[in-house]
Amino acid sequence: MTTTTVTRDAASAPKRSGAPRRGPARGTDPTRRQQAVAAWVLALPFVVLFLAFTLGPVLAGLGMSFTDLKRVDIRNPFAVDIVGLDNYTKLIQDPLFRKVTLNTLLYLVLGVPLTMMVALAIAVGLNRITRLKGFFRVGYYLPVVTSIVAISVVWKFLYRENGGLLNSLLDLVGIDGPAWLDSTALALPSLVVMSVWRNFGALMVIFLAGLQTIPQEVNEAAEVDGATGWGRFRHITLPMLRPTLLFGAVITGIGYLQFFEEAVVMTKGGPLDSTRSVTFFTFDQFGYGNYGYAAAASYLLFLAIVALTYLQFRWLGERDSK
Amino acid sequence: MKRNRSIATRALALVAISSLALTACGRDADDSGAEGQGEAVSEGEASGEIEVWAMGTEGEMLGDFSQSFMDENPDADVKVTAVPWDAAHDKIANAIASGETPDVTLVGSTWMGEFGQSGGIDPIPEGLVDGGDFFEGAWGSNDVGGTVYGVPWYVETRVLYYRKDLAEKAGWNEPPQSWDDFKQFTKDLMDKGGAEYGISLPPGGTGSWQTMMPFAWSNGASLTNEDGTEYTLDSPEMAEALEYYKSFFDEGITVAKTMDAGELESGFADGTYASFISGPWHAGLVEEAGLSKDEYGVALLPGPEGSPGTSFVGGGNLAVFADSDNKENAWKYVQWLSDPETQQGFYDEVGDLPAVQSAWDSGKLADDPQLQIFGEQLASTQAPPSVPTWEEVAGVVDSETEKVTRGDLSVEDAIASMQEQASAIGTGL
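Here the protein sequences line up with chains A and B, keeping their order.
Here UniProt numbering is used: the first residue of the first sequence is 1, the next is one more, and so on.
Here UniProt numbering is used: the first residue of the second sequence is 1, the next is one more, and so on.
Bear in mind the hints are in silico, worked out from the structure with no lab data behind them.
From the three backbone atoms N, C-alpha and C, an ideal C-beta is built for every residue, glycine too.
There could be a bad hint or two in this list.
To be verified - Cβ pair distances, simulated, as ranges:
1) 52/A - 368/B: 54 to 62 Å
2) 185/A - 250/B: 35 to 43 Å
3) 207/B - 235/A: 22 to 30 Å
Stated by the list, open to error - Below, in silico cross-link-like pairs of lysine-lysine (PhoX-like), each with a Cα-Cα straight-line distance of 25 Å or less:
4) 268/A - 99/A
5) 91/B - 70/A
6) 268/A - 91/B
7) 364/B - 164/B
8) 164/B - 192/B
9) 403/B - 268/A
10) 99/A - 164/B
11) 268/A - 257/B
12) 403/B - 99/A
13) 293/B - 364/B
14) 90/A - 164/B
15) 268/A - 246/B
16) 156/A - 257/B
17) 187/B - 91/B
18) 403/B - 156/A
With the hints as extra help, turn the sequences into a complete structure.
So this is what it looks like as structure tokens:
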């Protein structure tokens, strides 16, 4: 019972703000008009910057993706040919683009569930303890605020074949560790493990906040009714946490779809392109000066992000609105 | 709802308008054909303000170094801006796009094709310098489809670094000359010299072509046809060279491993890798890692039948922007920088290897036996083709090479795949 009311309230809250706009005397009331002018004046700096530096380039990029713009055209960028969807069809046929798409999907399906599970497990654990809570929270959050490049460099040493920490530990138990980053099979999972370690802290903080909104009474009532710990987690915590989980899934998903820096620093996309992601591919294409082609690749990634987010909303979003 | 729709409509309209603006123009049909060289510069002293962009150490040192030019030409005022190498390419590209350029810039030798073809830099004036004075490979990097767009300033090339002490232990008092020799040499360094690997060769990854292609060039392969309009990667010479390169991996003489920074030097010093192929900067790094000049040596790259093979030449060229408003004097400055005496002076101050051959005949450079090896190698070098798409094709060469050394792609398939991709990309000329 309580479950539904809580989530409904949360969901309907943002809609309310849209209501008062429809006044009867719209546009005629001088006070209202003054307010409107003031609002626009106040919003103007943002609107101008947004149009000039966000929407403009975004639309220019979209336009670019339909042309054969290359870097030798920089002096007269408008003297290019419109090629329609050619860049997109070429991308879909490009074996390297297919490979990086597959890699990116692997990052996504390995990374998102793992990050969320680790974050949730630790959040649930931290929610129970009372002492040293702040210490652990800061500790787990620390990787998030550390520079990704610094982390990648350090992890590169951990993964080293000879003398790396990981292989030295394996050595102690008599296992001859592999060359983690030099193997086409292990390099990508190794990078995923590192990003899980780096990213779960942010989700953990969000999940922890979500957990604290679950009323104590519900849990207590269930306990009185004889529910086991797992049963309470499964039937109370998870459903009540669903909006938080959705948010977590969306931002982690977007993050993994844009996987880039870790691969640049640690493997440079190798060995044999096994860690190259779509963003990395786009970066390379911009570097080669194939601006049209690279823009098309960015838009495909953008569409993938929109599609993923839509699916996540379908799966994890409200289910009771039939 | 209505509001949303009107925003969407406006956005669509904007796209439509911008695509209309784009359709209004199209590519010019007469894009091909070499441009002629520029008109000769006049005699006499230079004057006016000459703005120069230079990268790295050169950028820091050039300002003071140019004082003697200003002493000779009192009316001229040289202003040097140091630009970091990382940002240099984009900065030049942006300057060209906006038309707000300085007068002279240092250009990485692999960028010449792109900037030359875009029209952002001018062809060099008739009779400014004599191309024959420069190392052939370095001069070649300025030649974009038959027009010369810049003047070589400094150069670097790749030679063989090897552990002299291990080689002597293995019975080699002279470096190897031919490919057969070279293979035996690296094997002996392992079997008799005690090294773990005879040589370190990059299995693939960005820039590995700079080590792989010298084998192909030495064997007579060429990356493009004569006028740079088509890639010719699938030659039998290329296949033979790649096969030879691959054999070092197959026979365990080298290892398919991506090196971390510093790993090669420390591995060279502790005897893990008994040799490698690299440029002049590695002498300092190797000595920093603890080796003395008696313990390591440099040698010419072996060719299939004998030394020297054909190595890679890189470095920096000087170019003048098409939008410069002081071109005549800018070229005079470039002319001064490529004078043998100036080149020697710059070597003394900065350590950049001169691109002018006669600068090597006297002074400090002539007395240094190690540097003389570089000088000798420079006479037998090739630059990558100066075409706008080379870096992209280089990426293809790198990744197909990796499939051969690390994966199980056959040399024939790799070469065919390189050619297919390169043809699809085109040279861009």
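Verification of the hints:
1. 52/A - 368/B: 54 to 62 Å: holds, 56 Å
2. 185/A - 250/B: 35 to 43 Å: Given a distance of about 21 Å, which is not inside 35 to 43 Å, the answer is violated.
3. 207/B - 235/A: 22 to 30 Å: With Cβ atoms ~57 Å apart, the hint is violated.
4. 268/A - 99/A: Distance ~15 Å between residue 268/A and residue 99/A Cα, so the pair holds.
5. 91/B - 70/A: holds, 17 Å
6. 268/A - 91/B: It holds: about 24 Å lies between the C-alpha atoms, which stays within 25 Å.
7. 364/B - 164/B: Status holds; Cα separation ~24 Å.
8. 164/B - 192/B: The hint holds at about 13 Å.
9. 403/B - 268/A: Holds, at roughly 15 Å.
10. 99/A - 164/B: violated, 44 Å
11. 268/A - 257/B: holds, 13 Å
12. 403/B - 99/A: This hinted pair holds, its Cα atoms lying about 14 Å apart.
13. 293/B - 364/B: holds, 17 Å
14. 90/A - 164/B: violated, 52 Å
15. 268/A - 246/B: holds, 22 Å
16. 156/A - 257/B: Measuring from Cα to Cα gives roughly 14 Å; hence the hint holds.
17. 187/B - 91/B: violated, 47 Å
18. 403/B - 156/A: holds, 23 Å
Checked against the numbered hints given earlier, the structure breaks hints 2, 3, 10, 14 and 17 and satisfies all the rest.
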